[in-house]
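Please model the entire structure based on the sequences and the hints provided.
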Amino acid sequence: MTPPSTPAPTRALRSLRSRLGTTGLVYLALAVLLAVSAALVAARGENLLTTANTVDLLTRSSLLGFLAIGQTLVILCRSLDLSVGYVAALSTVVAATTMAGDPSRVVLGVAVTLGVAGLIGLANGLVVTGLRVNPFIATLGMGLIIKGYLDTNFQGPAGEIPAAFQAFGYTRISVLPVSTLVMLGMAVAAVLFLRRTRTGYHIYAVGGDAEVARLSGIRSGVPTVTAHVLCSVTAGVAGLLLAARFGTGSATVYSGGYELEAIAAVVLGGTYLLGGRGGVAGTVAGVLILATLDTVFNVLAVDPFVKEVLRGVIVIAAVAVYARGGNSGARTRFPSGGAAPPSPGPRPGSRAAPDPGSEPSPQPLGGRR
Amino acid sequence: MRVPRVLLAGAAGLTLMLTACTTDAPTDAVEGADLTPDQEWFDEAEFETQLAQREITPEGPEDQPWLQAIEPEWIDTSEFAHESPEDATLCFSNASVSNPWRVTGSITMEQQVEALRDQGRIGEFRVSDAADNDNQQISDIQAFVDSGECDVIIISPSTTATLTPAVETACESGVPVVVFDRGVNTDCMVTFIHPIGGYAFGADAAEFLVEELEPGSTVLALRILPGVDVLEHRWAAAQRIFADSELDVLGYEFTEGDGAKIKDLVSQHLQRGEVDGIWMDAGDGAVAALEAFEDAGQPYPVISGEDELSFMRKWREEDLTAIAPVYSNFQWRTPILAASMILAGEEVPSEWVLPQEPVRANELDEYLERNEAMPSLHYAKFGGEDLPGYPEAWTER
Amino acid sequence: MTPTPTQDTRGSGALAALAALGRGGTATVALLLALIFAGIATQNPSFFEGPPLMAFAQKAAPLVVLAIGQYLVIVSGEFDLSVGSLVGAQVVVAARLIDGREDMTLPVIGLMMLFGLAVGLVNGLVTTLLRVPSIITTLGTMLILFGAVRYWTGGAPTGALSESFRAFGRRGIEGVPVLGEIPWALLIALVLTVGAVLCMRSPFGRSLVATGDNDVAAAFSGVRVWRVRTMAFVGSSLMATVAAVLIGGYAGVTAQVGDGLEFTAITAVVLGGVVLGGGRGTVVAAVLGALTLEALFTLFTQFYLPSTFQPSVQGLIIIAAVAYAARRGDLRLPERLRRRPDHPTERSLGTSRR
Numbered sequence: 001m002t003p004p005s006t007p008a009p010t011r012a013l014r015s016l017r018s019r020l021g022t023t024g025l026v027y028l029a030l031a032v033l034l035a036v037s038a039a040l041v042a043a044r045g046e047n048l049l050t051t052a053n054t055v056d057l058l059t060r061s062s063l064l065g066f067l068a069i070g071q072t073l074v075i076l077c078r079s080l081d082l083s084v085g086y087v088a089a090l091s092t093v094v095a096a097t098t099m100a101g102d103p104s105r106v107v108l109g110v111a112v113t114l115g116v117a118g119l120i121g122l123a124n125g126l127v128v129t130g131l132r133v134n135p136f137i138a139t140l141g142m143g144l145i146i147k148g149y150l151d152t153n154f155q156g157p158a159g160e161i162p163a164a165f166q167a168f169g170y171t172r173i174s175v176l177p178v179s180t181l182v183m184l185g186m187a188v189a190a191v192l193f194l195r196r197t198r199t200g201y202h203i204y205a206v207g208g209d210a211e212v213a214r215l216s217g218i219r220s221g222v223p224t225v226t227a228h229v230l231c232s233v234t235a236g237v238a239g240l241l242l243a244a245r246f247g248t249g250s251a252t253v254y255s256g257g258y259e260l261e262a263i264a265a266v267v268l269g270g271t272y273l274l275g276g277r278g279g280v281a282g283t284v285a286g287v288l289i290l291a292t293l294d295t296v297f298n299v300l301a302v303d304p305f306v307k308e309v310l311r312g313v314i315v316i317a318a319v320a321v322y323a324r325g326g327n328s329g330a331r332t333r334f335p336s337g338g339a340a341p342p343s344p345g346p347r348p349g350s351r352a353a354p355d356p357g358s359e360p361s362p363q364p365l366g367g368r369r
Numbered sequence: 001m002r003v004p005r006v007l008l009a010g011a012a013g014l015t016l017m018l019t020a021c022t023t024d025a026p027t028d029a030v031e032g033a034d035l036t037p038d039q040e041w042f043d044e045a046e047f048e049t050q051l052a053q054r055e056i057t058p059e060g061p062e063d064q065p066w067l068q069a070i071e072p073e074w075i076d077t078s079e080f081a082h083e084s085p086e087d088a089t090l091c092f093s094n095a096s097v098s099n100p101w102r103v104t105g106s107i108t109m110e111q112q113v114e115a116l117r118d119q120g121r122i123g124e125f126r127v128s129d130a131a132d133n134d135n136q137q138i139s140d141i142q143a144f145v146d147s148g149e150c151d152v153i154i155i156s157p158s159t160t161a162t163l164t165p166a167v168e169t170a171c172e173s174g175v176p177v178v179v180f181d182r183g184v185n186t187d188c189m190v191t192f193i194h195p196i197g198g199y200a201f202g203a204d205a206a207e208f209l210v211e212e213l214e215p216g217s218t219v220l221a222l223r224i225l226p227g228v229d230v231l232e233h234r235w236a237a238a239q240r241i242f243a244d245s246e247l248d249v250l251g252y253e254f255t256e257g258d259g260a261k262i263k264d265l266v267s268q269h270l271q272r273g274e275v276d277g278i279w280m281d282a283g284d285g286a287v288a289a290l291e292a293f294e295d296a297g298q299p300y301p302v303i304s305g306e307d308e309l310s311f312m313r314k315w316r317e318e319d320l321t322a323i324a325p326v327y328s329n330f331q332w333r334t335p336i337l338a339a340s341m342i343l344a345g346e347e348v349p350s351e352w353v354l355p356q357e358p359v360r361a362n363e364l365d366e367y368l369e370r371n372e373a374m375p376s377l378h379y380a381k382f383g384g385e386d387l388p389g390y391p392e393a394w395t396e397r
Numbered sequence: 001m002t003p004t005p006t007q008d009t010r011g012s013g014a015l016a017a018l019a020a021l022g023r024g025g026t027a028t029v030a031l032l033l034a035l036i037f038a039g040i041a042t043q044n045p046s047f048f049e050g051p052p053l054m055a056f057a058q059k060a061a062p063l064v065v066l067a068i069g070q071y072l073v074i075v076s077g078e079f080d081l082s083v084g085s086l087v088g089a090q091v092v093v094a095a096r097l098i099d100g101r102e103d104m105t106l107p108v109i110g111l112m113m114l115f116g117l118a119v120g121l122v123n124g125l126v127t128t129l130l131r132v133p134s135i136i137t138t139l140g141t142m143l144i145l146f147g148a149v150r151y152w153t154g155g156a157p158t159g160a161l162s163e164s165f166r167a168f169g170r171r172g173i174e175g176v177p178v179l180g181e182i183p184w185a186l187l188i189a190l191v192l193t194v195g196a197v198l199c200m201r202s203p204f205g206r207s208l209v210a211t212g213d214n215d216v217a218a219a220f221s222g223v224r225v226w227r228v229r230t231m232a233f234v235g236s237s238l239m240a241t242v243a244a245v246l247i248g249g250y251a252g253v254t255a256q257v258g259d260g261l262e263f264t265a266i267t268a269v270v271l272g273g274v275v276l277g278g279g280r281g282t283v284v285a286a287v288l289g290a291l292t293l294e295a296l297f298t299l300f301t302q303f304y305l306p307s308t309f310q311p312s313v314q315g316l317i318i319i320a321a322v323a324y325a326a327r328r329g330d331l332r333l334p335e336r337l338r339r340r341p342d343h344p345t346e347r348s349l350g351t352s353r354r
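From first to last, the protein sequence lines stand for chains F, C and D.
For the first sequence, the residue numbers in the numbering used here are 1 to 369.
For the second sequence, the residue numbers in the numbering used here are 1 to 397.
For the third sequence, the residue numbers in the numbering used here are 1 to 354.
Keep in mind the hints are simulated off the structure, nothing from the lab.
Being a predicted model, the structure only gives us computed values, none of them experimental.
Think of the CB as a built atom: it goes at the ideal place given N, C-alpha and C, for glycine as much as any other residue.
Among the clues, some could well be false.
Derived coverage of chain F by chain C (criterion: at least 3 residues anywhere in the stretch with Cβ under 8 Å from a Cβ of chain C; other residues may be distant) [unchecked claim]:
no., segment
1, 51-63
2, 156-170
3, 239-252
Encoded structure:
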């Protein structure tokens, strides 16, 4: 990788970034996208922000939002979860069979679903940290295990969601679907978790550099396992939303390709794929960007295959733009702007364990990814 | 190091156990696969109805099977009559165009739209494609309802149970709803259009094998995916018919419709013994299955495929003993025609059961001739020969 | 690194240790392969009687070729998720362009190679020069190829492959004693494997491994990291093109061809003990990983393992195999813990000299 020269647009991007922060840049991208889309749709004599389209956009974002929020936590500590689609599918089945159409069992159904999802997350986390299996393989393997279980036991719809709980999928307050409110609530909770709790700090620290984190007395296993558990639980919530919308459990939803879409949303949101930098606020914007694209494609009646092509191009282009804006000399491990960077570890020992290599050092060649 | 070893031993033990469990399977399979249809997928009454429907002469014009209906119950739609149908908007929520059968059908549908639009019987036609994603399709239908611009909503559901609430929402909006292909668990729509169904398809195939093969012959079943109702019904019917026969069903395999997988699976079965018959729940990849016999130097099996052209051409070339069960592709025309009838306030059948007849050896040449210009992966009974775009729209897809 | 003496002895372990690690990975997967073959033999003794074995080799060859390509990318520290889509795209494009005409075979294969080259270049350059993480780059190319080809063909493949095109994946040298027919696919896979082994021993191969191990250090020792990685992506796409020729030849055109192959290929490579994140593992191990995975699928069929249940067993086995390898020290620290920017001089005994 040769040190690239710095063309003017890059410089402009960089200064913009330093003023806005990565998250700010993502929201700016979202705003630009909305403006361009509205103009495009208006050019066809239609209106992008009708109630119908807004509801559509927000509903699309809730499902992906749940999955992407959890995925953000996992990616922040340098892991990855490829099993979320399968966990969501399993959750629809668990929820629907537990509730079995009985409104009085809704709470039980939610609890059991999230419990099962959490256990899967725990297993993922332990395999990654304890058995030291690469997260890519660990979670891919977990996904396959769940797939086998679902294919063997649930060939088709299972259980029934009572009408009371279906409201989670369909009710809305003016243009705001309840599911979107829940998603935004979870996003806020995740932001608070990352900024205000010790484990939250540790997630950044472990993702930033596990060894420094370890040397500063953080047990790297705990944050990683916590992140995996939370990620699976959010996938469980996504499953609950799907079940509420379907009115039944559907084992085959795993084929929706949710895991890769969630990862794309996280990266679009400015979170660094190798951990340590980024945050949930950016992810929400990333999710909204993808949902906006879907809605606009729908309104403009874009051919479904062209849709895929455009999605691919836009995701690559957007991430390339962030990378361009962000390759200034010192690539600190922690978010450079917006989100207050938590210190690598709250304990005083953090700086007392010098490791020349892992100090947030200048990387003249910018090679690591 | 000790703890991890224990964990590993555990994992290894679990794996062994899982493998060990499965050693029971061969005895089962050698003696024949489980031929009790899954309760979840087997509805005795519906099975009997579909088998009977195969024998009933449908009402309607003989040369236009897409307008025929088996034992229709006509209902009044005058409440939906539109003052100026040429301005009416048809909204179509499609599950996907992710397989050749759906691609062929959606082209036919577009051509039917062109034809009716030229006649001023319908206006704008909007399509949203959910790419096989149930949740996406729910959003798509919701978006149609919320837009308030649709005069008829046509839905081809991606799965039965999960789309039910969305279809109900569409019905509640007061817009006439037309559902076709896979069904939903509600009868709120104006009309539900479908060919006879999966049981009839699976039974046509299985009965043919039972008839053509000597008692004691071996049959291998190739299925695409578990859990898709139209496909599960085909297998359930076949299980039922094989159970009453003297055939030895070796088992079934899921292939995802992938030629390489089909060929590999069939080759492996051939390594271990003869396979006299192949039952398929869809024709995708039937040619790959036949090539496995060629490459192993074994005689061709008796086979049930589908009215897909690469299979039918192979059938004629190699003079196979075969049948092509049909899941009537021409059904893609009917929803548009039904929509135009509803806009005109004409009566439509509340459940519009279209004829579904397999292609047998005596009709093979006729269908191949009619479709001579068509590419492979096109379906012989697509029923679009009289549409204005024929044949370019299908040959140059 | 002084504060972590244990890490240090392991981390900067001598060259010999590194070589041993490579062999260790190969040994693990070879053992697994032997076990699976033994399992198959109990069910189907005739499996090793020539023709069935050749049939297995023919079926496994495309995955072997894909694994070689994926190995190049993984060992350099990246991913290639686009290979499944690329295989699908290539087969469908070939069928449409050839449309059954024999004389089109060679020109179309040439065109496929150029197309593969172009896709590899785009993947590589976007990843290295534009600094897009490879998982996103190749996810993007996967979507683009998937959509573009289906748009071009209207959703379902058209046309047909010619017999001479199909010969590569379907035919072989006939009349060989004992074996029956030696498939061309097997020979192609063998040649590519030998080629890849030689390539990994060349200066290019060494810089590739060094880049994957620690690209900062590699850059300091004069490796042009962006070029090496781009070459790896090009290699992967070209291998996917060869795999497309073999798969298309083996089974013809179906709409689903290539689906999910990217994950199968990555799994095969990792099963061979190659570390995601780069710098560890050998080509031979990756090839053995691919054979093991194919053998596993065969074992499932031979045992009449219910189709629906196979993914579960597959998942357990790959996790267990990777965990086992990690315990044996083949993987030592998880990749995420290991990839730290060490000061270049610290690596003088390790990779930077290689």
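Quick rundown of the hints versus the structure:
Evaluation of the coverage hint for the segment 51-63 of chain F: fulfilled, as 8 residues show C-beta separations to chain C shorter than 8 Å, against a requirement of three. Chain C is given as covering the segment 156-170 of chain F, and this holds because 5 residues of the stretch bring a CB closer than 8 Å to a CB of that chain, at least three being needed. Counting residues of the segment 239-252 of chain F whose beta carbon lies closer than 8 Å to any beta carbon of chain C gives 8, which meets the minimum of three for the stated coverage.
When each numbered hint is compared with the structure, no violation occurs for any of them.
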